[in-house]
Each structure stands twice: as C-alpha cells, then as structure tokens.
Amino acid sequence: GDSVTQMEGPVTLSEEAFLTINCTYTATGYPSLFWYVQYPGEGLQLLLKATKADDKGSNKGFEATYRKETTSFHLEKGSVQVSDSAVYFCALSNSGGYQKVTFGTGTKLQVIP
Amino acid sequence: GAGVSQSPRYKVAKRGQDVALRCDPISGHVSLFWYQQALGQGPEFLTYFQNEAQLDKSGLPSDRFFAERPEGSVSTLKIQRTQQEDSAVYLCASSLRRPSGRNSGANVLTFGAGSRLTVL
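One line per chain: the protein sequences are A and B, in this order.
Numbered by this note's numbering, the letters in the first sequence go through residues 1 to 113 in order.
Numbered by this note's numbering, the letters in the second sequence go through residues 1 to 120 in order.
Chain B on its own, in the form it takes in the complex (with noise of 0.2 Å):
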C-alpha cells in the first residue's frame, strides 16, 4: 500500500479484556516498529521485526505484550488483560532499511496514524 496502515484507529476495552492492534505496513519495507505513545509524551519503543524474526522485545512492558509478524508483512501487537496504564496510542511504524555496518545511511520511519486504546 501507498502508507502505514492501523487497525482500529480507536478501541475501547475494559479492564481485564484482550485486544489485539493491527499493523500493515508498506510492501516491500523490511523493518517494522511498533511504538507506545502516551498523552502528552513521545514514543517509546515496544518491539522491532526484520521480516518475520522479532529481534528486540526489550521494550514491551510486561509478558501481557506480544506481537507477532508471522510471513513478514502484517503485524499484530496483542495485549492481554489489559490495564488502565495501558491507555496509549500505539504507533506502527516500517522502513525500507535492513541492518547494516556503521551508519550506512539513515534510518527513516514511516508512521502509521495509530491506534488509541483506552481502557475502562
């Protein structure tokens, strides 16, 4: 597709309730981020995949986050038994960049417009 692509832009759940934030990002981009925004604050790294292999999980913020990008594409960041501080918009984000040696180039994100949870 021509950009990122979130899904829901908007969900409320209560406490205690799964959900599960989709991520399509743009053909063909190798990296794929997923990125919590809190109000008022700038995003915080979750989670990184290079195709389908999750190589840094470092900043989810407890074992009730998973994600997953099973063939490389389309990611899904699931929550489980959510909590009030849980409440976040969470960014999608994808570039074209694979790993490299040192600073070959810059690293560009593409953003999705995101998804705000709130949770009751």
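Extracted from the complex, chain A is given alone in its bound form (with noise of 0.2 Å):
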C-alpha cells in the first residue's frame, strides 16, 4: 500500500540556518503530494503541494520539488525563523477513487535565536 518515509526529528537549528526535511514516498500510479504543519496547540494545515513530476511547492519559504525518479519529496527553506518551529509531514494522496491522504510520522523543528 501507500506509505510515506520522513527523517527522523527533532531537529534543532539556529536562526537563519537552512532546512532540509526528507520525505520519500511509495506509491502505485500519480500520487499527489503535500506537507502539513502542525503548529503548538494548533491543527494540521496544509503547506504547500505538487501534483506531478518536477511540479515545485512553495508557500512561506519553503519550497519541495516533486521527484518521481527517487521517489521524493523533500521540504526545504534557505533561512528558518523562530516563528518556523513546528511539526512538519509529508503526505500523499492516491490518484484513484475518493484519494485517500497517507501521512509521514512528522518530523519536529525546533528553531533557536
């Protein structure tokens, strides 16, 4: 079945550092995909998404291409902010049907001054 492989938290980084989350993916057919981020003491809310291969996300900063070749899907922002500390996932949805969202298991940032 689908399933959705992200690096492992928490990462910690300082002000203005760059970020790289990695997030790989399996999947049969043309999965869409995502990253969420869930704030302290908020819900899930959609970052940015890409719908097919080489399609580029971006929202706030971050950016993630969508790579079929390798299969990925890797979150990136070349100067984090306090503000950025949150939980991040990475998602597909499957192509068919009611397309069913399959999430990673999150992977925290921690953002330092």
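Be careful, since some hints might not be right.
[As the list claims (entries may be wrong)] List of simulated lysine-lysine pairs, DSSO-like, C-alpha gap at most 27 Å:
1. K14(B) - K100(A)
2. K11(B) - K108(A)
3. K78(B) - K100(A)
4. K78(B) - K14(B)
Keep in mind the hints are simulated off the structure, nothing from the lab.
Bear in mind the structure is a predicted one, so any value in this text is a computation, not a measurement.
Each chain sits in its own coordinate frame; assemble them with the hints.
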C-alpha cells in the first residue's frame, strides 16, 4: 500500500540556518504530494503541494519538488525563523477513488534564536 | 462555518466508558475523514465519508469504533468500552473534492483542531 517515510526529528537549527527535511514515498500510480504543518496547540494545515512530477510547491519561503525518479519530496527553506518551529508532515494522496491521504510520522523542527 | 470544528477538545474517560466525538465540517464539503494521531506519530486513517455514505472504514482498529454522518454534514466518531490504547488525538478533516477520475486535482484537506482523548 501507499506509504511515506520522513526523517526523524527533532531537528534543531539556529535562526537563519538552511533547512532540509527529507521525505520519500511509495505509491502506485500518480499520487499528489503534500507538506502539512502543525504549530504548537493548533491543527494540521496545508503548507504546500505538488500534483505531478517536477512540480515545485512553495509557500512562506518553503519549497519542495516532486521527484518521481527518486520518489522524493524533500522540504527546504533557505533561512528559518523561530516562528517556523512546528511539526512537519509529508503526505500523499492516491490518484484514484476518493484520494485517501497517507501521512508520514512527522518531523519536529525547533529553531533557536 | 469558516473551518472544521471538533468537540470536545479534551476528553478524559475511565476505561470501559463510551465516548462520542463530534466533527462539524466546512459547509458544502463532500468528503470527510477521521484520523487517529498517537503521541509523536503521524495521523493514521480511520474512515472516510462521501456525503452520508461511509465508503471506507478499513482503518477502524476494532469493532468498538463506529462512525456516522447521517445527514451528510456533522459526523460523530463513537468509541465503545474505551481502552487505554485508544488514548490519542482524533482528527477530523473535510474537503470539497468528490471522487473523480485520475488525478484531476489534489485532495487538499482542512483539519479541525482535534479531540484529545485520554483513557485512564
């Protein structure tokens, strides 16, 4: 079945450091890929998405590129801020039927001043 | 409503008690999902509704778990005879998408804040 594997955390970075959170997936067909973010005390919210190979999703300075050849969707940001501290979830939705969304286990990011 | 609303936000139950968790999705959203999120883990799929029809309940961990959406809007997740392993955050999400053919657009979910269940 579909699955998502992402790097374990926690990841601790200094403010303005470069961020990469790795994500790889296993799926049949042509899934859509997502990054969701969960800020402390809040619900999950969509950060960015990509629907086909080579698409780049971007939002709030974060980027991720859909790489079909490596089945990856790594999240990057050039300069993190304290306000980026949160848990980040990589996810995919299958391409048929009702498009069930499958999540990775999450990576906690802590940015220190 | 403006977002997905879940209640209660926190529930403490004694082992063996029944609980009911409510989800009020965004008005007009066809699809509704329930997920279970254990501490430090990602959300795990429980069940899916398209309007009032429960099309997939393959993620429900046991027959103690039951979900309904009788009028195609509000949904209730019921857990009977709760056990300690049921302690988790239960997330509800809705989306506008209807099932379609191959990948005509991404299924973007809007999540509620969750209901945290603690079973003592």
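In ascending order, which of the hints set out earlier in this document are inconsistent with the structure? 1
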